[in-house]
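Protein chains: 2
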Amino acid sequence: MSRKPVQIMETVLRDGHQSLAATRMRLTDMIPVLEQLDNMGYFALEAWGGATFDSCLRFLGEDPWERLRTLKSHLKKTPISMLLRGQNILGYNHYADDVVTAFVKKMVENGIGVIRVFDALNDVRNLEVAMKAAKESGAHVQGVCVYTISPYHTVESYIKLAHQLVERGADSICIKDMSGLLRPYIAHDLVKALKADPKVGVPIQLHTHYTSGMGSMTYLKAIEAGVDVIDCALSPFALGTSQPCTETMIAALEGTEYDTGLNRHALKESVLHFANVKKSLAADFNLKTSFDVDTNVLDFQIPGGMLSNLFNQLKEQGIEDKYQDLLEEMPRVRAELGYPPLVTPTSQIIGSMATFNVMLGERYKMVPREIKDLARGKYGKTPMPVDESVREKIIGNEPIIDYRPADDIAPQMDLLTKQLAEKGYPNASIEDILSYALFPEVALKFFEKNR
Amino acid sequence: MSRKPVQIMETVLRDGHQSLAATRMRLTDMIPVLEQLDNMGYFALEAWGGATFDSCLRFLGEDPWERLRTLKSHLKKTPISMLLRGQNILGYNHYADDVVTAFVKKMVENGIGVIRVFDALNDVRNLEVAMKAAKESGAHVQGVCVYTISPYHTVESYIKLAHQLVERGADSICIKDMSGLLRPYIAHDLVKALKADPKVGVPIQLHTHYTSGMGSMTYLKAIEAGVDVIDCALSPFALGTSQPCTETMIAALEGTEYDTGLNRHALKESVLHFANVKKSLAADFNLKTSFDVDTNVLDFQIPGGMLSNLFNQLKEQGIEDKYQDLLEEMPRVRAELGYPPLVTPTSQIIGSMATFNVMLGERYKMVPREIKDLARGKYGKTPMPVDESVREKIIGNEPIIDYRPADDIAPQMDLLTKQLAEKGYPNASIEDILSYALFPEVALKFFEKNR
Ligand SMILES: [Co+2]
Ligand SMILES: [Co+2]
Chain A
1 MSRKPVQIME
11 TVLRDGHQSL
21 AATRMRLTDM
31 IPVLEQLDNM
41 GYFALEAWGG
51 ATFDSCLRFL
61 GEDPWERLRT
71 LKSHLKKTPI
81 SMLLRGQNIL
91 GYNHYADDVV
101 TAFVKKMVEN
111 GIGVIRVFDA
121 LNDVRNLEVA
131 MKAAKESGAH
141 VQGVCVYTIS
151 PYHTVESYIK
161 LAHQLVERGA
171 DSICIKDMSG
181 LLRPYIAHDL
191 VKALKADPKV
201 GVPIQLHTHY
211 TSGMGSMTYL
221 KAIEAGVDVI
231 DCALSPFALG
241 TSQPCTETMI
251 AALEGTEYDT
261 GLNRHALKES
271 VLHFANVKKS
281 LAADFNLKTS
291 FDVDTNVLDF
301 QIPGGMLSNL
311 FNQLKEQGIE
321 DKYQDLLEEM
331 PRVRAELGYP
341 PLVTPTSQII
351 GSMATFNVML
361 GERYKMVPRE
371 IKDLARGKYG
381 KTPMPVDESV
391 REKIIGNEPI
401 IDYRPADDIA
411 PQMDLLTKQL
421 AEKGYPNASI
431 EDILSYALFP
441 EVALKFFEKN
451 R
Chain B
1 MSRKPVQIME
11 TVLRDGHQSL
21 AATRMRLTDM
31 IPVLEQLDNM
41 GYFALEAWGG
51 ATFDSCLRFL
61 GEDPWERLRT
71 LKSHLKKTPI
81 SMLLRGQNIL
91 GYNHYADDVV
101 TAFVKKMVEN
111 GIGVIRVFDA
121 LNDVRNLEVA
131 MKAAKESGAH
141 VQGVCVYTIS
151 PYHTVESYIK
161 LAHQLVERGA
171 DSICIKDMSG
181 LLRPYIAHDL
191 VKALKADPKV
201 GVPIQLHTHY
211 TSGMGSMTYL
221 KAIEAGVDVI
231 DCALSPFALG
241 TSQPCTETMI
251 AALEGTEYDT
261 GLNRHALKES
271 VLHFANVKKS
281 LAADFNLKTS
291 FDVDTNVLDF
301 QIPGGMLSNL
311 FNQLKEQGIE
321 DKYQDLLEEM
331 PRVRAELGYP
341 PLVTPTSQII
351 GSMATFNVML
361 GERYKMVPRE
371 IKDLARGKYG
381 KTPMPVDESV
391 REKIIGNEPI
401 IDYRPADDIA
411 PQMDLLTKQL
421 AEKGYPNASI
431 EDILSYALFP
441 EVALKFFEKN
451 R
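Respectively, the protein sequence lines represent chains A and B. Okay, so the first sequence: first residue is 1 according to our numbering, each after it adds one. Okay, so the second sequence: first residue is 1 according to our numbering, each after it adds one.
Don't take every hint at face value.
As the list makes no split between identical chains, a pair holds if one copy fits it or if it spans any two.
Stated by the list, open to error - DSSO-like cross-link-like pairs, simulated, lysine-lysine; straight-line CA separation at most 27 Å: (1) Lys135 with Lys393; (2) Lys445 with Lys315; (3) Lys160 with Lys132; (4) Lys268 with Lys288; (5) Lys288 with Lys315; (6) Lys72 with Lys288; (7) Lys72 with Lys132; (8) Lys322 with Lys268; (9) Lys315 with Lys279; (10) Lys76 with Lys418; (11) Lys195 with Lys418; (12) Lys199 with Lys279; (13) Lys268 with Lys315; (14) Lys423 with Lys381; (15) Lys72 with Lys160.
Don't read these hints as lab results, they were simulated from the structure.
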């Protein structure tokens, strides 16, 4: 019983409802149980970032910064964790360094304690500015290994990535498995290797989704291999496409050498509360909140929902008989483009490219801009090089960006401040300028009603 | 890689829909995919017994015997498994030996290959007649250890029970965890002990429910301890209060020394099919088919649904403030009654007794007949003796049945045959007589329409 307790990060306030309720949980749905959650002894409460920022402004009429301050005022003991897409902040394009830096500093000032920062390609250059700002702000900086399956993504490649993250100041490492691809015994080997490596030397946290149904088994084997923190959601927002269940993981480990020490019974009211919240979100926003597990995700690394969308696209064109071709084309396209992890938006991009290839009967005849940008190195370095002949076909002899992509982006804060002043907000706070930077139209609409 | 593959028993045709769709799956919902399931290489397909027999006659207008014959005609390679409540057959009272014997012989004649036989108290005397008939019929006889948590139910007590089952001819042992109480590391130790005991020496099968969310982890640790067969349901009828998911367990073990060797991709059509079946059952019978995991079951060993029923009973009496007393009273009553496993109907019986005790303010003032019968030994031997003073209070000096309870029951088949003749069915088949024996009113109504 010498092992230190496994810790839990609770995701019900962010990934739980992002996964099962279209990110529609409102601040008022959270407040009644914040004190109870704060008293639990969680490693952290994930409650900000990801899609919540956009959803606040776009759908809920909430100021995400104000939400953060309110959360912080109730959470006096437990750090608030957030998810950051590196140089993309919370979007899908790179921002200027001064915007990234200002965003990180402002969110820490407003209450964030743990910053989980990832890049869709695992290109650490896209994390550097955010990590530096986070370190300077005094937050806990968690560097991410985005988990995926490919010939490139071996245990060794993840060890190397972890070294790069630690060199850049990561206080801990998160293995982020967005689609539930990480199998139990693979997780065991990966965590074991990371824990054994003296150059890593920081706590390891594991994040998975229950999509394929393996999530709890994957945690269990990772725990046996020494993982320090696991991400879980309270039962009403667990399983399906969300995280493994908090109460279940606590219970499974009770009385073992891995005991979390958390008191499952102290969660009873919160569980009842969120069961009602789920019902009300489902009713108010007309949401489907329960999903069967689906192991197809293991074969194509993209969730079943996207597969049926692609099938329907083919059907609309009257070529649904090419569906099998499409299923085979997708991994081929991914390989030729250097095995990017399939996370939003790469999964959609690869899916579209494969669909074009199959529909037109000629490969890379029509090529979406995003594919060209990927080949140009505009998103960063792909895990393996883009196939030479494919690159030539889609961008010819165009120069390849072999430096940090954001080096090309001039500072933006002054310009944004000026723009916002011209739109009628000369005294906009830095927070409002940042909201405008990230989601200009949505933020302006929000300001019209609320400023 | 020397270990032999883990085998899977598929439960979608019985426990899957009994757990998630009120046992309403119709034969026509099964037929389209029987051939595909038959070709999978499952250890067995559980498709009969449990509540299906009653449901066929009562709700679906189907003859359960005819269903069995039709299933058998499609399932040429894979044995059909069924669940038998020992001397209770498929009900909650003991039947005469000649009825039990005739039932077992007829079901094997009509197509059953594997008989899983259990007694709610783990009293093997209640299994003897059924096991003997099953052995004589040539079926695979699986003896059950009903899993529960109590000071009596140690690994040693289960080893002892397994010995008794093997002595009576069990071809394999099933650990049956009805409510998802079995924790992963406990399962590991239990399976390990059973596998290591030379006097057990038969394959070990594990049956659990996902109620508390631990099911897949429990299987994984049991597999590491050497379990031979696990019970799983296809994804549309998995998780919630049903079994762990077939495709998930196959996937989690792929490429490991425990690989099932089953081809997950060959299940694709069946999965799509059953997803539609679930939708149609939910619509046709107005069913709720999805349930959040609920770890409360671990504390009271009864599912959350029954807890809320008890709470509502108290509320109707205006004494909902006694709910906490009730929660504490239930384990006390269970202890005093000798720690019976909480399975239908013992869970309901204990629940009612505890409710009376709390409502009336005096313990064992009003006592349901079933509690008296339990104390009388009418259901069999309780794991531990009934508390002396409680027994005296509820049945005074009445004699205790210390022999096999069914020894008191005279043969019934001739009488039943005569009764049925008088009701207008002089040429009733043995199968119809047995249907009438088990569910007299329901069977008669069915015969009126169908004979
Ligand atoms: Co996530
Ligand atoms: Co069951």
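Hint check:
1. Lys135 with Lys393: Intra 42 Å, inter 71 Å, cutoff 27 Å: neither.
2. Lys445 with Lys315: So Lys445 and Lys315 fail the 27 Å test inside a copy (37 Å) and across (49 Å) alike.
3. Lys160 with Lys132: Within one copy only: 20 Å inside, 63 Å across.
4. Lys268 with Lys288: For Lys268 and Lys288, the Cα distance is within 27 Å both inside one copy (24 Å) and across copies (23 Å).
5. Lys288 with Lys315: within (24 Å within a copy, 32 Å between copies)
6. Lys72 with Lys288: neither (30 Å within a copy, 38 Å between copies)
7. Lys72 with Lys132: within (23 Å within a copy, 68 Å between copies)
8. Lys322 with Lys268: This pair counts as between: shortest inter-copy Cα distance 18 Å, intra-copy 50 Å.
9. Lys315 with Lys279: between (34 Å within a copy, 23 Å between copies)
10. Lys76 with Lys418: Answer is neither: 37 Å inside a copy and 77 Å across each miss the 27 Å cutoff.
11. Lys195 with Lys418: neither (49 Å within a copy, 75 Å between copies)
12. Lys199 with Lys279: neither (47 Å within a copy, 52 Å between copies)
13. Lys268 with Lys315: For Lys268 and Lys315, the Cα distance is within 27 Å only across copies (19 Å; inside one copy 47 Å).
14. Lys423 with Lys381: neither (37 Å within a copy, 83 Å between copies)
15. Lys72 with Lys160: neither (35 Å within a copy, 56 Å between copies)
The structure shown violates the earlier hints numbered 1, 2, 6, 10, 11, 12, 14, 15.
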